[in-house]
Amino acid sequence: MQGYLIFVGKRLLQLFAVVFFGVSATFLVTHLSPVSPVEASLGRMTARSNFSPEAIVAMREALTDMYGVNEPLLVQYWNFWVRLLQGDLGPSLIAFPTPAMDLVMRALPWTVGLLVTSTLITWIVGNILGGLAGYYQNSKFLKAFGIVAIGIQPIPYYIVAFILLIIFGFVWPVLPISGGFSMTVTPGWNWNFIASVLTHAILPATSLVLVGFGGWFLGMRALVSNVVTEDYVTYAELAGVNRNTIVGGYVIRNALVPQLTALAMTLGGVFSGTIITEQVFNYPGLGSLMIDAVGGGDYSLVLAVATVSVTAVALAIFIVDLMYPLLDPRVRAE
Amino acid sequence: MTTLLDVRDVSKRFTMGGLFGRKQVDAVMDASFSLSAEKPEIFTIIGESGSGKTTLARMILGLEDPSRGEILFRGQKVDRHAGRAKRLEFMSNVQPVFQNPFEAFNPLKKIERYLESTARRFLHTSDKAAIDRAMDEALQKVGLSLREVRGRFPHEMSGGQLQRCAIARALIPNPPLLVADEPVSMVDASLRMSIVNLLKSLRDDLGVSVIYITHDLATAYYISNRLIIMQRGRIVEMGDARTVLDNPEHAYSRLLKASVLSTDDAGAGKLGTDPDMLRLANGSVGQAGRLIDRADGRSVRVYESV
Amino acid sequence: MTLENNPEILKVENLKAYYQMNYFGVSREVRAVDDITVTMRKNEVYGIAGESSSGKTSFIKVLAAAIRPPLRVVSGTAKYSFSSGAIDVAHATPDEVEAVRWKHLSYIMQGSMSVLNPVRRIGKTFHDFAARPLGLKGKAFEDRVVAHLDRLKLPPDVLRAYPHELSGGMRQRVTIGLATVCHPEFIIADEPTTALDVVVQKEVLNLIRDIQKEMGASVVFVTHDMSVHANVADRVGIIYAGRLVEEGPTREMFFAPKHPYTAHLVASLPRIGDTQQRPALEGRPPNLADPPQGCRFHPRCPLAIDICRKEVPPLETIGPDHRTACWRWRDVAPLVHATQPAGVMA
Amino acid sequence: WGQEAEGTAPDLAQFPRNETVIVHNPEGVIRNPSWFNIWVNGGGGWSNGLHQLTMDTLWFIDPDAGVPEKSENAIYYSLASGPWEYNDDFSEMTVKLREGIFWSDGVEFTADDVVFTVEKQRDTPGMTWSGAMSTQVAEVTAPDKYTVHFKLKAPNSRFHTVFSVRWNAAWIMPKHVFEGVEDVLSYDYNPPLSLGPYTLHSFDPNGTWYIWEKRADWDKTTMALVGEPKPKYIIYRNNISTDNRLIEMRNGNLDMIHDLSPEGTFSIMDQDPQVQGWFPGFPYAHPDPTLVMAVFNHQNPLFADKRVRWALTLMLDARAMSMASYRGAATLSAISVPPTGTHPRDYHGPLQDYLVNYELDTGTRKIKPYDPNIGTQIAEMVRPQFGDAVPTDEDAIRNAFGYGWWKQDIAAAEELLTAAGFTKNGNQWMTPEGQPFQFSVLVPSEGVVNRLGVIIAQTWAQNGVQASAEVSPDIWDRTGAGDYAVEIGWAVETWGGHPDLSFFLDSYHSEYVAEPGATQPARNWMRWKNPGLDTIIENIRAIDFNDPKGTEYGHEFVKLHLDDMPNIPIMAYNVFSIQSNRYWTGWPNADAPYANPVTNWSNGKYIFTQITPVEGAS
Amino acid sequence: MFAVFRDLIRYNLEFAIGLVLVTIVVIFASLSFFSPVDTTLIYMTMPDMPPSTQYWFGTNSRGQDMFWQLSTAFKNSLIFGFTVAVLSRIISITVGLLSGYIGGWVDRVLMFINDIFVAVPIFPVLVLFYFVLRSNMDAMTLALIMACFGWPYDARLIRSVALGLKHREFTRHAVFAGMSTRKVLLEEHLPYVMPIVFATFMNNMLWSIGLEVTLAVLGLTNINTPTVGTVLYWANSHSAMVVGVWWWIVIPVILIVMTFLGLFLLAVSMNEYIDPRSRLRRMGA
Ligand SMILES: Nc1ncnc2c1ncn2[C@@H]1O[C@H](COP(=O)(O)OP(=O)(O)OP(=O)(O)O)[C@@H](O)[C@H]1O
Ligand SMILES: Nc1ncnc2c1ncn2[C@@H]1O[C@H](COP(=O)(O)OP(=O)(O)OP(=O)(O)O)[C@@H](O)[C@H]1O
Ligand SMILES: [Mg+2]
Ligand SMILES: [Mg+2]
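Residue numbers (my numbering), protein chains in the order written: chain S, 1 to 334; chain Y, 1001 to 1306; chain H, 2001 to 2346; chain B, 3001 to 3618; chain F, 4001 to 4285.
Please keep in mind that the hints were generated in silico from the structure rather than gathered at the bench.
Computed footprint of chain S on chain B; a stretch qualifies when at least three of its residues, placed anywhere within it, have a C-beta under 8 Å from a C-beta of chain S:
hint, stretch
1, 3036–3050
2, 3203–3209
3, 3467–3476
The list that follows gives simulated cross-link-like pairs (lysine-lysine, DSSO-like), each with its CA atoms no further than 27 Å apart:
hint, chain 1, residue 1, chain 2, residue 2
4, S, LYS10, F, LYS4166
5, Y, LYS1086, F, LYS4166
6, Y, LYS1109, F, LYS4166
Reference excerpt, derived from the structure (chain B facing chain F, CB under 7 Å, subset only):
hint, residue
7, SER3261
8, ALA3320
9, ILE3455
Quantities reported herein were computed from a predicted structural model and do not represent experimental measurements.
Built from N, CA and C at the ideal position, the CB exists for glycine as well.
Using the sequences and the accompanying hints, generate a full structural model.
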């Protein structure tokens, strides 16, 4: 047990280091970007109105002061960490003075809800089908299926999304195509709301699953091709073990560990959202928030999204690493 | 007298498991012996399944770091992390035959690659003909030929064929020390004899020392100079092969000898084991004891309580 | 003890099974099983020995209906008569084979140390393998398995273990347990004890024997260890270069072999306390891709004469249950005496 | 989910379509949806109904004609009861306010609110109009409850425009709410009070929709002057992708769309007879009072010579530009005033003859580069595809396609370049210094302007100038910083409904031109300095907004611009705003141009007083 | 080698089909080298012409001949995707195999770097590079940057397979056969991860082409250079699907599906070729 704790401790250190370096890298990247948050805000405020040049100069000074962007980079970096350690990511600049974290937290449940669900479905479907296809290499049906899966995968996402939009939004308008929930329900733990959220998620989720599962399918099929030739699979076949059991418990199960790692990383990655889904289906989320933030030079917001994302990824990998011995009983903790 | 190989108080402990249960396995405990450089010998290791024979062999080969103790080959520490040149130098002197022939070859690769690479590297030649000749010679020694082996994948060979290929490969560099882990477990009696005879002639004619790990007491008796008997990671008896096997002293050694099946009463179906012997042999498990030198040159592990 | 009158359970006739390949620029034919005819009886342990790479595993694969490309049955039959009906495994459909597997016919593969799924607990594996043929569920099934394990001297704990947590001997026993828990009528084992030390080996063999007796099953097994044949088999068959060259009751095979190869095999065994130089066979095992004409053993046979080089000797019955394929079987006896160390016949 | 929505759960029956208008808000997802403090940039929405329905200030100037009789020269007197009153030297302004206007909480609107708005912003840097107030207002007082008096730091005849809504303007703050707020900069003003005819009903915590409900006392707002707004509910929602918008409109879930791609518009026009655009036929789009142009960087020596600028102008092909950008649906303008609102009446029409006779010296000869028939030619080009939708009447063509543009004249362009010392090496122009004539053309990352920029760069490239289009997502920053050679965008933006040009022109004064590398404030991105221009600007500053002389000065500016060609005016920025007549009808269009239909303009609220539900539609 | 190739075609229908598909696309893309028109120019032909004998793939709303447009687009995108995939494969294979095989602190350091690369969101980085490099940001530079971000997922995947291979007996055997670490990794372990390499190769190519589309849409690449991304971007911004200019979308989609199906089939048959055991499975096990 003690050895394991040491292992956990070491791994935890690595986790912190990853978060530290990842966040620092993002800090550097965003602060080196020449997009000026002051100009972006100024542009938004003065667009289409006739501000006099003097007024604009005055505003620019005021904003520069307010955002604290005239301080040296090192000072900003130091302040950033000081604040971050207090759980404060500072005010968003494109939405000054709203705390950046508030904006993130508002978008987070949607993105995470949609993406986690669809990623999980994608992963499960892709792996099961990939496992089957890798095992029954001569099955006509699975071959055809594989071709369909591989055929859908390279279709650009927004085309798939658009087709869904046309089919279920227009030709046969049975599903909502915009937003996270209907305007006529009250958010909260009531059935109407939950049902609305679910129906609104169907199309975005389906589109994500459709284009996403091919990747897992390919991966699993490849991993399985190493496993099917193992003696224990042959032996189980010879013993007439139920085919489903062989596929599930022998073949897929043995190929699963790498896919789980990849899943963890992907799940960690959902914290950066999907821009196109959010646009096509008007779905609230982190993707377009990130784009807005980058476009508006909003360091705080980029960093808030990045910090969440970096932490999530690092944590996901950390957890999978800890679970490794569970997933593969043969593994020795080093 | 210089030593070829010096195994000094070597132990190996493995840690297994993860989140909840963690198990420590003492695969080898305090093993010591040495081989002399002047007097090549066949040194046999016999023992229970899982008694640490393979682990010991791996440590000698520098594939596993001992948890305690050290192993010296020609006075140099066997070190897994030594530089590549040093390791190569070591490998040209010490070659292994791995235990499970089905595992010892990459199923995706043709068998001849291993032979070819060995020949190229340790005979320091890149002349195709020379390499082929070396490979064929080695294969002929174990009853195969390059023609039969060339172009084949491991799954296209029988267990015995694979095992012979593995031996042939190890012979190519003409190493002064061969570590053979159950090299004949999968070949028929006749071939087994020819391979065992081969080991013998390697020793007698070429001065090759062999560490011979086996379950076959008969061949051990037949060719080896000295042997050790292992039980649960511990050496329980060590000494001249014939002395020990003719008259084993430790309870486990005796059980071992008694368990050897004989063809004398073929068809009689006698498979019983003396339960007393079994109990005695198991009684020593888990106890440290001490290795005591006997007058006839052997060492035996004795226990205070017994 | 004789089983001569026991009913037949397996009848193999003129079985030819070759490895045939023609793919990726390589074409090859290996005649691993070349015209084998043999009969096995109920309640019998039949040992198969032979030179390495002589086709034992291949033969046994056919018997176990584990025929996969490139191995192909070229001709002949391997007919079982199970209590549930007859089946020719050399030509049966996968479904037919499926129906008898484990219930009537079980198989212990060569290299049985690595046939257990490393990420599945033993108990699960038992469930996978045996629940369906046994038709039992839940507690009843578990009780049955535990009882069976007990017979194998395995504690019920192993059901919760992963394969890597068990010693080689334990794994071997688990595999045997898997193959026998359904009380099949016919058990096929390929080198089941190779990796074991003699103490454990003896235990395991004892066990196979006991279970076989208890269940009245037939066992065919392959091993190189002649002493194992000597102690376990009722009858022993010797395969050389894809052919059955001799078969007979164990005792006779050891003490009065009627084929020079058998004689050699028996004689080449060293024993403890014996340091006399033992000759190995001259020459090399034949290449099955291009086997010699006539008797396949002739290039290495001390008794070879002209006919041996030209004509394939038929498998003659020369005694009760004893058959041999040698033109000069009558001349084998002196050979035995010449090569065997003194005292063996005693 | 962040926060509970305001109000209780409305069920569907609560928004019957004959009482509800659904409007597309182009802002995208609103990042901080519960932020309603429009006086601080807190990430809330503006065009989500907030400034259209709840805000009010002194005057409105519609970019189109305005509701007849309710407005004068497109000017509405909103919170002010009449026009601005300046003293003689424009250093003081007095405003009389309307009486009987109430905030939605029942508190009366008074001069104190105006004074508070000005003082609060003047004293709090960082608020939206604080720059405007602090640089100009010396003192603001309320002599009585309905009068406000401004003392300015310097004379300014256009000070009232700070309170004149074109797109928006300095909105009045409710003093009684904000005076209790300690830190205005972090106050979210949720729920907002309304000075307009609607109040907040509920909104999406994710920022994709807002529902506004008509005030029972809507007649206690300035809207009473125009008429009763008809819809009980107005929903603003964001539909980011064009396809989504199209489908939602065809499904009856959207009445007004802010903007579409030209192709999307043509297709919905083709498929849905209930949908209308600004023009009844081609080109459908509404011309914004902004002028798309090729903007040269005058601090780049390449463009120092006006002959070079003219040469580049004459290389362009108006038809190609119109087709490539708007597929023909462009409203061209050869002069530096957008061809929109009332400007054709004030500028394009009167100046047509001047343009037709305009002579240009190429250095070897004199040419008349203007082609008044370009519009007809384009109409002919698109007629095969759009048939009857393309107007045939000459006036209609002029309104839709513009009054004319320059003939493509490569020969003249080459003469001009040669005269400017350029030489041609094979098919490649070389500068007088012997370098290849090479620059990149900054274009925005999407939309029609992008398409336009690409064809412009291409046309130049085909004529021996190594121009290449460079997409730049930060085009605003770069033009502001002068970090470009040529940009396609606009440096001209006007009131639309009013002939005064000070909206953009005032900032053209040379005193504002920044040093190279420094950021250029306001609109003179090209950093054009011209003494004649300064005179015109100063003249305009000295007269009143409504002084007819303003138009004359405007004409002077246009002529000066022609001679100098500091940037190439090309076309109006046309917005494909469309409306559906499925549930509501009476939308503004070219025939009844009573309001700008573009949904994010806050003048749009006048539309809601003019539309009526379609009988039996729901 | 030739015999292998011949037999692959003869016995492996998948290989043959895959080869045909990929060859068609590659030939099509290579035709762009002989393009008679400058594919960056717009309004060079009548817009919106459906496919005909004159314009095989029709023309788009920007007045471009779609045949040459797509030919160039596929050339650019395939080269781009291949470059990213190959470069990031090289990194991921090296890191994955080394990390798994050598273990210890090498493994820890590599995985640490790996995790940072996984964790840092790529988008702001790309934007930064865009702003710093501006017009110097060509396809190759972008490919290099993306390759730097495309490896870590797959490196971990490969590592987890390599971890298992490290303890296999044949690895030790190879070491004693005098094979260098490089040889062990490349010749013993690489074949094992080849199926994964192929699979991730395709996934990575798709990812890079997809990200290129997103970047094009956001204006972070030059949208006037034809790539699969920009072709579709323009189609979208001209509402091609709504307007009925279906060939602008359908043909590139068919071509890209053909490309990836072809690659998939090739990968499958190559995997079979690499693993002699699965070769046998297909023979009708
Ligand atoms: N890599 C490892 N990790 C953990 N435990 C190990 C490892 N290798 C060996 N062991 C354990 O060490 C003990 C000794 O194993 P070893 O393989 O050396 O036995 P052996 O004497 O060679 O047995 P056999 O005769 O079956 O080959 C066993 O209990 C085994 O389970
Ligand atoms: N898949 C295969 N493809 C081609 N040849 C094969 C294949 N499997 C086995 N062989 C060949 O068939 C012959 C018989 O092999 P088999 O495995 O039956 O031998 P065996 O008698 O079991 O030998 P051992 O005692 O060594 O296990 C050998 O020459 C072997 O090389
Ligand atoms: Mg061992
Ligand atoms: Mg075998």
